[in-house]
Structures are given as structure tokens and as C-alpha cells.
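If you read the protein sequences in the order shown, they are chains A and B. The first sequence lines up with residues 1 to 298 when you count with UniProt numbering. The second sequence lines up with residues 1 to 367 when you count with UniProt numbering.
Keep in mind that the hints were calculated from the coordinates and are not lab data. Any given hint might turn out to be false.
Residues from chain A that face chain B, not an exhaustive set, calculated with beta carbons under 7 Å [stated by the list, open to error]:
no., residue
1, T49
2, L51
3, N75
4, Y79
5, D89
6, L90
7, F98
8, I102
9, I117
10, K168
Straight-line C-alpha distance at most 30 Å; calculated DSSO-like pairs for lysine-lysine [claimed, not checked]:
no., chain 1, residue 1, chain 2, residue 2
11, B, K361, A, K11
12, B, K360, A, K71
13, A, K13, A, K71
14, B, K90, B, K62
15, A, K149, B, K363
16, A, K11, B, K198
17, B, K363, A, K207
18, A, K11, A, K71
19, B, K62, B, K146
20, B, K19, A, K83
21, B, K363, A, K205
22, A, K205, B, K198
23, B, K146, A, K68
24, B, K360, A, K11
25, B, K342, B, K363
26, A, K13, B, K198
27, A, K68, B, K361
Just so it is clear, the structure is predicted and the values come from calculations on it, not from any experiment. We treat Cβ as the ideally placed atom computed from N, Cα and C, and that holds for glycine.
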Amino acid sequence: MSISVQNISKKYKNVQALQNITFEVQEGELFGLIGPDGAGKTTLFRLLTTLLLPNEGSASVANYDIVKQVKEIRNSVGYMPGKFSLYQDLTIEENLTFFATIFGTTIEENYDLIEDIYVQIEPFKNRRAGALSGGMKQKLALCCALIHKPKVLFLDEPTTGVDPVSRKEFWEMLKRLKQKGITILVSTPYMDEASLCDRIALIQKGKILKIDTPDTIVKAYDKTIYEVASNQMHQLILDLKHFSSQYSVFAFGEFIHYIDKNDTFDTAALRTYLQEKGHQNISIQKTTATIEDVFMDL
Amino acid sequence: MKRFIGFIRKEFYHIFRDKRSLFILFGMPIAQILLFGFAITNEINNVEIAILDYAKDSESQKIIQKIKASPYFHIENEIFSDKAIESEFKKGKVKAVLLFEKDFAKKLQTERKATVQVITDATEPNVANTISNYTQSIIQNYQNQKNTVQKSNGVVIQSRMLYNPELKSVFNFVPGVMTVILMLVSAMMTSISITREKELGTMEILLVSPLKPFQVILGKVFPYVFLSIINAIVIVSMGYFIFGMPINGSIFLLAFESILFIITALSLGILISTVSNTQQTAMMISLMGLMLPVIILSGFIFPIASMPLPMQVISNIIPAKWFIIIVKSIMLKGVGLEYIFKETLILLGMTLLFIGLSIKKYKTRLE
Numbered sequence: 001m002s003i004s005v006q007n008i009s010k011k012y013k014n015v016q017a018l019q020n021i022t023f024e025v026q027e028g029e030l031f032g033l034i035g036p037d038g039a040g041k042t043t044l045f046r047l048l049t050t051l052l053l054p055n056e057g058s059a060s061v062a063n064y065d066i067v068k069q070v071k072e073i074r075n076s077v078g079y080m081p082g083k084f085s086l087y088q089d090l091t092i093e094e095n096l097t098f099f100a101t102i103f104g105t106t107i108e109e110n111y112d113l114i115e116d117i118y119v120q121i122e123p124f125k126n127r128r129a130g131a132l133s134g135g136m137k138q139k140l141a142l143c144c145a146l147i148h149k150p151k152v153l154f155l156d157e158p159t160t161g162v163d164p165v166s167r168k169e170f171w172e173m174l175k176r177l178k179q180k181g182i183t184i185l186v187s188t189p190y191m192d193e194a195s196l197c198d199r200i201a202l203i204q205k206g207k208i209l210k211i212d213t214p215d216t217i218v219k220a221y222d223k224t225i226y227e228v229a230s231n232q233m234h235q236l237i238l239d240l241k242h243f244s245s246q247y248s249v250f251a252f253g254e255f256i257h258y259i260d261k262n263d264t265f266d267t268a269a270l271r272t273y274l275q276e277k278g279h280q281n282i283s284i285q286k287t288t289a290t291i292e293d294v295f296m297d298l
Numbered sequence: 001m002k003r004f005i006g007f008i009r010k011e012f013y014h015i016f017r018d019k020r021s022l023f024i025l026f027g028m029p030i031a032q033i034l035l036f037g038f039a040i041t042n043e044i045n046n047v048e049i050a051i052l053d054y055a056k057d058s059e060s061q062k063i064i065q066k067i068k069a070s071p072y073f074h075i076e077n078e079i080f081s082d083k084a085i086e087s088e089f090k091k092g093k094v095k096a097v098l099l100f101e102k103d104f105a106k107k108l109q110t111e112r113k114a115t116v117q118v119i120t121d122a123t124e125p126n127v128a129n130t131i132s133n134y135t136q137s138i139i140q141n142y143q144n145q146k147n148t149v150q151k152s153n154g155v156v157i158q159s160r161m162l163y164n165p166e167l168k169s170v171f172n173f174v175p176g177v178m179t180v181i182l183m184l185v186s187a188m189m190t191s192i193s194i195t196r197e198k199e200l201g202t203m204e205i206l207l208v209s210p211l212k213p214f215q216v217i218l219g220k221v222f223p224y225v226f227l228s229i230i231n232a233i234v235i236v237s238m239g240y241f242i243f244g245m246p247i248n249g250s251i252f253l254l255a256f257e258s259i260l261f262i263i264t265a266l267s268l269g270i271l272i273s274t275v276s277n278t279q280q281t282a283m284m285i286s287l288m289g290l291m292l293p294v295i296i297l298s299g300f301i302f303p304i305a306s307m308p309l310p311m312q313v314i315s316n317i318i319p320a321k322w323f324i325i326i327v328k329s330i331m332l333k334g335v336g337l338e339y340i341f342k343e344t345l346i347l348l349g350m351t352l353l354f355i356g357l358s359i360k361k362y363k364t365r366l367e
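Here chain B stands alone, though its shape is the one from the complex:
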């Protein structure tokens, strides 16, 4: 035990004396969460739009007022002809134009049907899509209000967004960033720290020492378990305090699942270190083999359901996919273990597999 503690103390010296690894450990989580939280977002705020109102009657004005009142749009200017639409887009400031047809109110009264055209600048497809959805829902809303007074017939769509009514993207990014960071810190840092001993030749001495292989591995892994837990706490509390991400489920369950995922990532890191001999290789394998799949195939950024079938199948072997499902379920839906039992079991199975493989591949000699 004394040997083991001595080994861990040495590992902490390594970590705290290497500025680069310290930065990756603590600078990156904070930078990433702030970046994703503030800069990279699917929400729109204060988008500049223009109005082309051929009607200029009470109804069109009411709708314009409604749109003006929403935080999503800012009416930049009013234009007066079809021709002006394109030149407005070419200037680049305006992202959408709202066009009310002639006799808007009158048609609405007599024919019970009038058109509002939403013309968007689709050079940025996501923004255009969101704008058109938002304006539609504002107008729909207005119509519904009117209809309750006037008793209309027909199908009325009422949509409710559960668990994230405001569609905040941060609710998606916090679990995603947490997954990426834990994977990076745990897998990459451990694999690098083990291969560094190989590269510097100190592994030779450790092998010749009475220290058992599992003690060396555990000693390498332990500091990173500890640091990863701190990271998880930092990320979750930043999400909670800065971005208002709720934690609806049990915090202990969240902690338990996070530790499980950290161990999964660490065992992957050990596995990587058993197959690579230099820090460079370990880093390349971690980045290419882990980071990209975690970001692309885990459902963090791109929804898995809309991927081609082969990709969907591959996504199943990415531990991060299951962890993201778990974290979202706990934090947003507030579910208990019984709902995420399958995912937990999959992570556990993967961990055991990785550890088994590492033990099989770990060399107690040099060849």
C-alpha cells in the first residue's frame, strides 16, 4: 500500500509540474463549455428582418406588433416593393422579409384566408429554418388567440416542448461537452502518461521493480479518476449556475454514472497505451480514434436517427453515445436508474471488455 501511495504521489508531481497537461486538464473544460454555451448555439436572438406590408391594415399591424414584441426579431426597416427584397438580402444585414398581401384584413374576414409570405436568406440554412419556424409559430399563436373568440372549425395544432420548452441548446451541449472532456482527459491523458514512461525508459525500471503491473496501471489511472471527477463537477455546476441547466434527477445517480463513464474512458486509455510505444502514437490514436467518433457519432452534434443506417450501427459501439443518453435522461427528464438500466449495463460491459483486453495485452517484459 505504501508503494502504491508513493507511486500516486509521483504521478501528481508529473501532472502538476507539466503546464501543458494542466492546461488540458482544467483550461479546456472551462473554455469548451463557455464556447459551446455562448458562441455555438442554434438559437436565434435579435435577428434583423424587414417588412413589406402591402396591406397596411389593422390585422397586419397587429401581427407586426407581435413580432416586434418577441425577443427573437428586430425589425430593421420597412420596404415598399418586391424589387427591394433582393437588394435588401444582398446588403446582408436582413435575414428575412415578411410580406403581407394586399387587403390582408379584408381577405381574412371574407375568405377566412390570407397569406403572409416569409422570405428567408438561406445561405445559412439552419438560421433560415429557425426563422421560418419562429415566425410561423408567432402567427399561429396570434391566429389561435383570434379563433378562441371567433369559434373556428378545422384542426388546431397545439405543440408543447417537454423537458426543454425554450429549446435551449445549452441543454444539449452541457452533456455533450461533459462527455467529450471526460473522454479526452481520461483516455488521452492516461495513455500518454503510460507511454511516456515507455519512451523515457523509466518503464524498464518499473518493470524490474517489485511493483506489480496492476499497481503500476492503477497508480497511473487513479489521479485521473480524481481529476476527471473534479472536471465533471465543474462542468455540471457551470451548466447549472451559468446556463440554468436543470438537474431534475438524482445527483448521486449522476455522479455514479459519471464515475462509470470515467472508468470506461480510462480503461480505453490503458488499452491504447498497451498498443502504442510513443506518446505521439498514443495521442494520435486518442484523437483520431476517440475524439472524432465522440463528437460526430455520439449524437452530441448530429442526431443519430438521421444518420445513414451503417453509421447508426457503428454509433452503438461508441461509449459516449450511451453516456449522453444517460446524462440527458437524468438531468432533463429526472429519471431513475430503472429507465437507464440498459445504457448503464452497456457501459459496464464495455468497461469490463476494455479492462480484460488491456490485462491480456499488458506486457510484463519488454517484448
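Just chain A, same shape as in the assembly:
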């Protein structure tokens, strides 16, 4: 077991950040923590990287206890905090050299591990980190977190503030790292990234709501979801919320996802209702559930 968390609770002065969290991550697994801001993701990362002590419960990373074997853990994990944590006034190369040195290794020694990523930023290696774009910063931060060949990699919201193309590339890199046997615990507020993980934990307000593979979670969802659109989208949300048998309504990209209380729901009734409210170009279609739908329903 690469990461094992048993009944962990963490309380700040008057906020219960984590409540009775339990989960396990297999070796070489890409495990996602999915949840909105303030759900307790960062606290969990800090606990597992020995930066915080739990109030209750126990946990181990790479078979080392997070309270008693701090030194061993610090030698064998890579951590990329949510805030961009590299030295802005140092160049790409200097940053990487620095992190290699303090972990007692060199860039050359573990070059094969970071090669795929590093070649993309190498042309700018003499540029200061402060002058890099968001995507390049993340790549550099990932290189720095990987340079000492960690057994477990902790990535706290690595794709926040990164453009869609770089995000996609980033996840492809994670897949390749996984193939090299590194366990990865990654958190993200983006639901669409959840399906790229082996298994995910949906976390909210310090509690884990569900743990499973993304497919299983989606398949287990038994409600029918309708994609609704009309010429006045904002008014549409308000009107749908006033529909007598509505179960949930939320904006989803260019559509509105609508779920009805009744299994025997007739779209015609909804269409008539919306027409009466003055909507035109109404489209109502069945659609398949996504992680976001599941999350919104929890």
C-alpha cells in the first residue's frame, strides 16, 4: 500500500478541515481528490507530507508513519504545493539544480525521469521562473518535484490557472509517470479531469463522499439527466427551478442539466411550460451523466 489513511481528522482553531477520512492508494496508482475550494484537499496533502499533524487517526506514506517517520517520508516523496512555489528570481536551470542538490542528487542522475517534460522547457532554461507562462511554470515545478525520483508524488491542484492545452499535456505526463511506477495523489477542482484518474475520491466540507473508479461512479448514477437549452439561458434556469417536479437544475457548459423527481417524466409537459414562459428554440435531450452530475447530486 503506497498511501494508507485511517480515520484522519484535522481541526484548525474553529474549522473542522477534515472529518474521519479513510482511503488507500495502491502502488503505481493515479488517485484523484476531487472537490471544490475549501473542501480540505490542501490540508490532506499537508498532513501526508508531514507539514501538519492530525488531531485523530493515523496515516502512512510509502509505509512510513506520517507522525513518527517524518525524516523517511521527507526523503521519499515529491510535493508540488498549490501555490507556485519555485524561486521567481532563479532561472529554470538554477531552480532545477537547486532542488536536485538539496535532495542530494543531480539533474543527470535522474534525467530519464524528467526528460519528457524537461525537453519542452529546456529552450528557455536561462529564463527566470518569474517570467514563465503558467503552463511552463507547472512543468518546471513538476520537474523539481520529480528530480529526486520520489516513490510518491503529491500534486496539489497542479492545473489551476493553466490553459486547456497545457492541462491536457500535463495529464498525459502524469500517465507516463504512473507507468514508471510512481504513485500519484493529485487534487483538482476540475470535474472533467476526474475521468483521467484510476480512482477518485469525491471530497466536500472535509468529508469523503465516494471513492471508486470514475466509470463505476458514473455508471452507478441512476437518474436521468436532460440537457435543456433555449434562447434565454439565464431566465431558463430561473424558470426550470420553478417547475413543479424539478429535482435539480444547474448550468453545465452551454446547456442546463435538468433532473426530474419522477422516473416517468414527460418532456412534453416541460416544453409546454417553458413555451408559456416565453422561451423559444427550446431543446430538451437526454444525456449521459458525468462526474460533475454525480458530484452535484451528493
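Put chain B on the given structure of chain A with help from the hints.
Just chain B now, kept in the frame of chain A:
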């Protein structure tokens, strides 16, 4: 060791790439020493004075000649009535008027007593005081010369100023500025550089790395020890070459004591960084908590002996006070370690206390 060197190299990158910190490090010592050395001084030179001579005899003329010959005074003009004195002061150019009474020489001969009045413009009390002291000593001097010929009785005061016969203020300012600069550079810069890592979140990574806390702290401190020593050398040599400040004692002892004080200041800086989370707080604590006491309570500008008793007691906990005593003793009096043993011991004790407290307060986790 390799890790440690890598860390120090990174610190030097930070220092040399930040124009602001470079300026504080090297611009400030030079600017301060030049400022204090040239502009802010208690000495008087070429002060404009006026003469009101009712006597106009040989004795009064001789004294006027003496005063004219000194570099301190320049006789701006001669006035002829009491009324003119005030209007002269109101014009503002003249800072003092020397008034010789009627029949000055005659009275001196017959009554062995004659008066010279020194009237000063006390809107600037320090200057007025100095002028009156200087004129007194010139006249005293003249009298003494006369007396040796004429054999007088009575008490003759002979004062000798040891270690700084010309009362040069630079002898006071060089040790003072050195203390202020070393305190500022060492304490403020280290506390800022440690809190910057906290603020940028890089401390999180350093904590998770196998780097030990004392390695992080030592790595932070080392570059500043090095730079502070350079600063001390610059200040002492500027004092020596530009202002003629003597170094009468052992230069090695001076170096040793300076390094001790640098370490005291650095440990204070570390202590500050353990209690503050942002660069702003660290800077405020350093400025308010260190700079002001160093300037006001260390005896650098205001003599400690003339402070109210509570202030005198407080001044004892200011490391700068002890360092100023040490530097003055070595540079001016040329004493050896045995004379400044107590002060050295106090600094050493303070350093150990600060380091102890820092270690106790240093967090290896985030809370």
C-alpha cells in the same frame, strides 16, 4: 555539505539579483558614514561672529587677533553699540557677539580683573554652547600665557582631552554607524529573507525536503555573515582613510568582536523571522524593535549617563550599547581583551540566548 553549498549559492543569487537589497547592503553604509562624517557634526568651523569693542586697547586687540587666528571663528563685522547686537542677531548671519568693556587693559592692570561678554544666539543651543566653550578656552589660553610671565596666584585649570584631543565627532560616529549598519544588514535582511520563503510558499518545499532546519537557517545566515564582514571592513577603512579615525588597538580583536556582534544581530534576525509570517511584519519589527533602540538607547547619539534611570536600565539589554563601548575602547583607547571582557561576555550571552530561543521557536511543520 554539497546540499548546504547548493543552498548558499541560491542565497547569493537572491541577494545579487535583488537591486533593492543590494542597495541596502552596500549603498547605505557608504551613504551613512559620509552623511554622519561630513554633514552631521557637533564641531563648529568658521562661525560668523561680531565684535563690540568699547575698549579698543592693546589687550582687547590681542584677544581679537587670537580669535581671528583660530579656525573656528570668522569675524564678520564690528559693531559699535549695544543696540546693534540684537539687530545683528536678527539678521541671522552672526551667531555670537564678543563684547569688551571700557578700559579693558587698564582694569586688567589695576584691578587684575576685566570682563569679556560672550553673547550667543541660542536658537541653536548646541552651537551656542560650543561657541561659548571655544571662546572661553581661547581667552583662558591667552590669560595663561600672560600669567606665566606675570606670576599670578589662584587656581589655574588645565584640561586635557584624552583619546580625542580635537573632539572630533567622527570618532563617535564611526563606531555608531558601524553598529547601526551591522544591526540593520544582519538582523533585518536575514529576517526578511527567511520570511520571504514563508510568504512565497517555498518554505513548504524546503520543509518537505531532507534539508535539516539548522541547515536552512545556517544557509540563510552565512551569506549575511560574509557580507556584514565586508561592510565592517568598508566602514572601518573609510573612517581610517577619509576621517583619520585611529585604530589604536589590535585589529584582530576588532575583527573578532565585530564578528561576534554580527552573529548576535543575525541570531536576533532569526528570532524575528520565527515570530513573523510576512516580510512586512519582519521589516516592521526590525525597524521598530531594533533600529530605534539602537540609535536612541545605545549611547550612539545621546549619552546614556544623562538618560533617566529607567532608560539607563533598558539600555543594558541593547546589544548595540555594548558593541559601541567595545569598538570605542579598541579603536580609540587601544585596550586589549582584558578591559572589554565584561562587554564581550554580555554579547556572547545574548547571542546564545537568541539562538536558544530561535531553536525553540523554529517550526519544522506549518503550525
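How the hints compare with the structure:
The criterion of a C-beta within 7 Å of any C-beta in chain B is met by T49 of chain A, whose closest approach is roughly 5 Å, and the hint holds. For L51 of chain A, the shortest C-beta to C-beta distance to chain B is roughly 5 Å, which falls under 7 Å, so the interface hint holds. Taking 7 Å as the C-beta cut-off, the interface hint given for N75 of chain A holds, the closest approach to chain B being about 5 Å. Evaluation of the Y79 of chain A hint against chain B yields a held restraint, the C-beta minimum of about 5 Å falling below 7 Å.
Among the interface hints, the one on D89 of chain A holds; its C-beta lies about 5 Å from the nearest C-beta in chain B, closer than the 7 Å criterion. Of the supplied interface hints, the one on L90 of chain A holds, with its beta-carbon coming within about 6 Å of a beta-carbon of chain B, less than 7 Å. The interface hint given for F98 of chain A is met, as the beta carbon of that residue sits about 5 Å from the closest beta carbon of chain B, less than 7 Å. For the restraint placing I102 of chain A at the interface with chain B, the shortest Cβ-Cβ distance is roughly 5 Å, inside the 7 Å limit, so the hint holds.
The criterion of a C-beta within 7 Å of any C-beta in chain B is not met by I117 of chain A, whose closest approach is roughly 18 Å, and the hint is violated. Given the 7 Å rule on beta carbons, the hint for K168 of chain A is violated: about 26 Å separates it from the nearest Cβ of chain B. Under the criterion of a C-alpha separation no larger than 30 Å, the hint pairing K361 of chain B with K11 of chain A is consistent with the structure, at around 22 Å. Taking the CA atoms of K360 of chain B and K71 of chain A, the gap is near 19 Å; set against the 30 Å cutoff, the hint holds.
Between the alpha carbons of K13 of chain A and K71 of chain A the distance comes to roughly 27 Å, so the proposed pair stays at or under 30 Å and holds. Note on K90 of chain B and K62 of chain B: the hinted pairing holds, with a Cα-Cα distance of about 28 Å set against a maximum of 30 Å. As the CA atoms of K149 of chain A and K363 of chain B are separated by approximately 26 Å, the hinted pair is consistent with the 30 Å bound. Under the criterion of a C-alpha separation no larger than 30 Å, the hint pairing K11 of chain A with K198 of chain B is consistent with the structure, at around 22 Å.
Restraint check for K363 of chain B and K207 of chain A: satisfied, since their Cα atoms lie roughly 28 Å apart, inside the 30 Å limit. For the suggested pair K11 of chain A and K71 of chain A, the alpha carbons sit about 24 Å apart, so the restraint of at most 30 Å is met. About 11 Å separates the Cα atoms of K62 of chain B and K146 of chain B, which keeps this hinted pair within 30 Å; it holds. For a cut-off of 30 Å, the pair hint linking K19 of chain B to K83 of chain A stands: about 25 Å separates their Cα positions.
Simply put, K363 of chain B and K205 of chain A have alpha-carbon atoms about 28 Å apart, close enough for the 30 Å limit, and the pair holds. As the CA atoms of K205 of chain A and K198 of chain B are separated by approximately 27 Å, the hinted pair is consistent with the 30 Å bound. For the hint pairing K146 of chain B with K68 of chain A, the CA-to-CA distance comes to about 90 Å; that exceeds 30 Å, so the pair is violated. Note on K360 of chain B and K11 of chain A: the hinted pairing holds, with a Cα-Cα distance of about 24 Å set against a maximum of 30 Å.
For the given pair, K342 of chain B sits about 34 Å from K363 of chain B by alpha-carbon distance, which is inconsistent with the 30 Å threshold. Taking the CA atoms of K13 of chain A and K198 of chain B, the gap is near 21 Å; set against the 30 Å cutoff, the hint holds. Of the supplied pair hints, the one linking K68 of chain A and K361 of chain B holds, its CA atoms being roughly 20 Å apart against a limit of 30 Å.
Of the numbered hints stated above, those contradicted by the structure are hints 9, 10, 23 and 25, listed in ascending order.
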